[in-house]
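The lines below spell out each chain.
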Amino acid sequence: MGPDEILKALYDETLVGNGPRVLELTNLGLEQGMTPETMLFDALIPSLEEVGARFERGDFFVPEMLIAGKAMSGALDVLRPLLADTGAETAGTFLMGTVKGDVHDIGKNLVNIMLEGAGFHVIDLGVQVAPEKFVTAIQEHKPDVVGFSAFLTTTMPMFKANMNALQKAGLRDQVIVMVGGAPVTQEYADAVGADGYAADASAAVKRAKELIRQRRVAATV
Amino acid sequence: METVISSPGRTVTIGPDEPFCVIGERINPTGRPKFQEKLRAGDLSRIEVDVAEQVAGGAMVLDVNMGVPLTDEAELLSKAVTMVQGLTDLPLVIDSSVVEALDAALRVYQGKPLVNSVTGEQERLDQILPLVKRYGAAVIALPNEEDEIPDDPRKRLEIVRKIIDVAVGQYGIPLEDIVIDPLAMPIGADTTLVNKTLETIWLIREEFGVNMTLGAGNVSFGMPDRDAIGATFLPMAMHCGLTSAIMDARSPVMVEAVKAADLLLGNDAWGANWIAAHRAKRRAAP
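Chains as they are written, first to last, in full-length UniProt numbering: chain W, 1 to 221; chain U, 1 to 286.
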């Protein structure tokens, strides 16, 4: 197999979520002297973008998205240390969690997959994350963005509680806050004072990149 | 064990020897942006359609949820409950996690409703169970705690035990008025989880013999052809001991599956309901 064939196969096998094969191909590529960046940016990321696009069109379903994400993660586990060696810049660090009182995690996990696929370093705090836990994790990991997820109209008010906790801990200005989840709207995001909202996983990635860019530009002037 | 709920005109009994209790889930703004917008503007008219469709589909009880962000949920929920009671005599499930909203809706409800819901979290138990007791309602309880929904059926069983101990022992709520939600998990996220829900249902029936209900739509979340999944899941769960579900009562496939399971599990004597439903269908479309 030559490099082009490996890239094509990586793309195809990620698309169908064939984890073992994706891992094999990743190692094969490395043996042949392909760079981690090539495999990531010319095969894995485009493949996952296609998965996301199909999901949004209703052509792909939740299990297919999850298994593709898993295949990608397996490859990333191999590539991430190498990427760090080459000094390739990550898109940013994203701290993620479903708010206290809410146990829904499918949507959040899909966003994580798309973020990882786009080169973010994602730290997932899981579900039922209390405001204090977000605060501690922000202090520890210093993420670029923190994401609050809620699936229920009844748990959405936790966004505000989280914002208050961040404010109180003096962290509000140090991190970009994004909110999302089935019942969340831009209007609601504005009402709680979040920096960003997105309606779906792909849009969340775009919005996160945009917000980080804005912040980096603001920091240099 | 029988859980009896009522409106002024009708009594519904949920129990293992009764036909499965179909609770219509539709009066709920979650995932319905247009409905949400109307409710926010104080326009509740859409509820009339939702009631009519669910009654026609075979609902025996209706769930009423008015979880619209940035509104006064207490006012909205009590208005909606009064409105629905004017439209139908089906008993209602009053569905909110805002304690003030439950209180306001319970105050205006005529009859004995089912409250949705309380969890195993101490704070929730202490807030909601006194209301249930004061208004003489029945209550749905979910076996999840502060940190997690345990996957392990035996752990869920232990939380159920704790909830029952507190509800019966501390608040004096009769055991038959506690309906457990064994937590339906999405099969699309993990294909081992529905087996665990089924096992939980089985264990709860063996251990406590209480009635159970769940949100049937959860099971098929994120999958195509959802109604067929629901229509297969419900009879399986009924066999294990599920006695009710909050479900899309407008789905003929699911409602029919439930009615067939009633017949097959011996809860439709001489097939009278099944045959009557057939005749009604024949009359409607000769």
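These are computed hints drawn from the structure, not numbers from a lab. Incorrect hints may appear among the rest.
[To be verified] Cross-link-like lysine-lysine pairs, in silico, DSBU-like; alpha carbons within 35 Å at most: (1) W/Lys160 with U/Lys281; (2) W/Lys133 with U/Lys196; (3) U/Lys133 with W/Lys160; (4) W/Lys70 with U/Lys196; (5) W/Lys206 with W/Lys133; (6) U/Lys79 with W/Lys160; (7) W/Lys70 with W/Lys206; (8) W/Lys133 with U/Lys112.
Note that the structure is predicted; figures quoted are calculated from it, not measured.
Hints and how they fare:
1. W/Lys160 with U/Lys281: This hinted pair is violated, its Cα atoms lying about 51 Å apart.
2. W/Lys133 with U/Lys196: 29 Å, holds
3. U/Lys133 with W/Lys160: The given pair, whose Cα atoms are some 32 Å apart, holds under the 35 Å limit.
4. W/Lys70 with U/Lys196: 23 Å, holds
5. W/Lys206 with W/Lys133: At roughly 26 Å apart (the allowed maximum being 35 Å), W/Lys133 and W/Lys206 satisfy the hint.
6. U/Lys79 with W/Lys160: 27 Å, holds
7. W/Lys70 with W/Lys206: 21 Å, holds
8. W/Lys133 with U/Lys112: 40 Å, violated
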